[in-house]
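K.L.:
Quick note, the sequences are listed as chains E and W, same order.
Each residue of the first sequence is one higher than the one before, starting from 1 at the first, in the numbering used here.
Each residue of the second sequence is one higher than the one before, starting from 1001 at the first, in the numbering used here.
The hints are simulated quantities; they were obtained by calculation from the structure and are not laboratory data.
Please note that a few of the clues may not be correct.
[To be verified] Not everything, but these chain W residues come out facing chain E in the computed CB check (under 7 Å):
| no. | residue |
| --- | --- |
| 1 | Gly1165 |
| 2 | Leu1212 |
| 3 | Asn1214 |
| 4 | Leu1217 |
| 5 | Gln1221 |
A virtual CB, placed ideally from N, CA and C, is assigned to each residue, including glycine.
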Amino acid sequence: MAHARISASLPPDIDPTKAPIAFGKRALPKLNEELQSPELLTQQRALMALCDLVHDPENVYQAIEIGFLDNLKPLLLHHDGTVRQKTTQILYIMAMHNVGRQELIQNGVISALTELLDDPVDICRKHTHQIFEMMAKLPEGVVGILHASLIPSLVFKLKTESDEIQELILDTLSNCLRVEASEGLATGAVTILKEKLTHSSVAIRSKAAWVLLEIGTHPAGKSVLCEEVVPALVGLLEDPDPEVQAAATGALMFATVKPQGRFSALGAEAIPPLLKLVAEETSKARLSAIKTLTLLAELPDGRKTLLDHTDTFQQCLNDPREAVQRAAKTAISVIKWKP
Amino acid sequence: MLPARDPEVVAGPAVPYSYCSRPRALPARPKYRATLHAAEPEKEPVRYANLMYDRRVVRGNTYALQVVPVSTQPNPLEIQKQREARRRALARKRAKEQMQPRTPEPVEGREHIHVQTELYLEEISDRVIEVDIECQTDAFLDRPPTPFFIPAKTGKDVATQIEEGELFDFDVEVKPILEVLIGKTVEQALLEVMEEEELAQLWAHQRAYAELRNAELAEVQRLEEQDRRYREEKERRRLQHMQMLQKQKETTEKIAARAFAQRYLADLIPSVFNNLRESGFFYDPIERDIETEFLPWLMTEVEETLERKVLGRTMLDSLICTVVEKRLDAFSRKPLSDQAEAPAEEPRPTDAAPEVAGETDAADQPVAEKEETDQLVAEEQPSRHISFQLEESDQAGTEDLETE
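In isolation and in its complexed conformation, chain E is listed as follows:
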């Protein structure tokens, strides 16, 4: 058969692992055909080439138009590890573009990816979780993930996976649980997250606290939070990392909305660290700390303690952010309220 190559020795700059890309518009359709070929090597080479091409958004759009996703979906369940790995990588890069995300949701790729959660190859799992994380940023993606009943499996995976993947799972969970917390609560996510609060890695601690925050936005989650987690969160307020502090303060903020939470927070001596956080000018947690103190000030004990510290709040009135000023004003008014 006539080949485009003239001599047997390959030119110096070509990558033998990639399929040669056709010119212009024919590149993607040709790769599409090569993907369907029964030979493993051709498929792998086509996948490698596709992986490079997909970084360009125009190619993503074109790929979707041609219908690449229908060919990529069965490849997810291929027996060869490289094929799976490359397919997940391609899907991840596609998920970074909005068009790609929409198409992935519509084609039900999420449910196909659930099978890959237990994949033996690490990178496949990592890519899968990256895809989930990307999808969770879209509201429709969250809906898709909830439909595929992924939350229990994700929560379960938290216990077993490596740190990097745990971070990804925590990100996914935080976006999903913001929308719908009942499933997460049913699988006992709070207990697992409580353990993670004492993890050695800073990122995992802050992300776990963030997930607890999102759980706390729902009323059912609040009661669970109040029962179990408040002391641990108060402990995290002393953490040296500002991210962790910010997330922990936010979670506390939601937990103290309910009266039981307030009592347990007061019991756990939450006020001094919160005051410290408020006093720092540039902390991210300032706004959340002010809000939490406002909530605690609605209790008579809290009000008594905080009456001595109103000058800290007065300082907050000078903060450049308008939201902080407003919060400080409400805090002062709540503290000074007489029944």
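Please arrange chain W on chain E, whose structure you already have, making use of the hints.
P.N.:
Using the frame of chain E, we list chain W on its own:
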């Protein structure tokens, strides 16, 4: 098309076009011009030309025709234009000549002459030393090989030599290429860095927004919680108040009822006693005794006595009646029989009287009887004679009936 039309258009508006003449056949244009000294009298017959073969008629496409201007007098505007066009052409020519590089003017005392180089150019190099050498080949040497056939030179020989620095200056030329290469690389790198920065900023922005949103959400929930607590408190207080009002109402009712009952019952005992007294529950026993027993007995006794008296009177009446009747009969029948009946009648009332006495009860009645009989006797005699008759007849009848 348009430029050709222009003169027409320009000429047009100046003079409005109008033409009128009688249509006539045009004579043919003679091929040769008539000679000056041609005799006039010979008039050739006028040959009418065929329109189709007339050279004056425009054939073919008239769109791109150069039209002769209407007026033979050249239009001043057109003349000006042509003059200007000529001037411009001249100027262009001059400019072009000037642009062309020329050899500089000859120096004083010299003259430039155009020279055509010789047919064969010689290289200007070091002077070649020429030496004449003769040689004679041996008689019996081999025929030398024929020399290579080098055809005679035709055409011009040209040779060049590129010295260093004549073609291009590497440093100057490489500059733009280098710039492009490095510029593109740096640009790409900057783009990537900027993208990452942008991403990081977007993340920071998102986090800030998320914080704000969470704070607002917490505020909303706090206010909700507060509102709920206040509402519950209000509800409880309201219930309490209602209960209090209820109790108050009950107490006032109770008080009112008690006062009323007291008042009502204040009269109760006297009225009860009054009622009882009126209905005869309190009685003097002796009085009662007298009333219940004695008086009825007295009344019955009195009744009996009276009855007896009445009976006695009736008896007497009947006696008297019978006596009177008998006497009447006796007196009516015969006066003889009167005397016999009269004593018979007298014992009868006396018989009757003890019978009557025997019938009635014992004690004081005989006394009363006697009185009554005395009275009866006294009463009879004066007045009730005749009336008695009827009454006695009736009473006798009734007594008879009673005895029966």
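K.L.:
So, W/Leu1217 near chain E? Judge it on the closest CB pair being under 7 Å.
P.N.:
Hint on W/Leu1217: holds, closest Cβ of chain E at ~6 Å, below 7 Å.
K.L.:
Grab the minimum C-beta distance from W/Gly1165 to chain E and call the hint holds if it beats 7 Å, violated otherwise.
P.N.:
It is violated, given that the least Cβ distance between W/Gly1165 and chain E is near 33 Å, above 7 Å.
K.L.:
With a cut-off of 7 Å, does the beta carbon of W/Asn1214 approach a beta carbon of chain E closely enough for the hint to hold?
P.N.:
holds, 5 Å
K.L.:
Given W/Leu1212 as an interface hint, is its Cβ closer than 7 Å to any Cβ of chain E?
P.N.:
holds, 6 Å
K.L.:
Closer than 7 Å between Cβ atoms is the bar; does W/Gln1221 clear it against chain E? Give me holds or violated.
P.N.:
holds, 4 Å
Comparing the model with each numbered hint stated earlier shows that hint 1 is the single one that does not hold.
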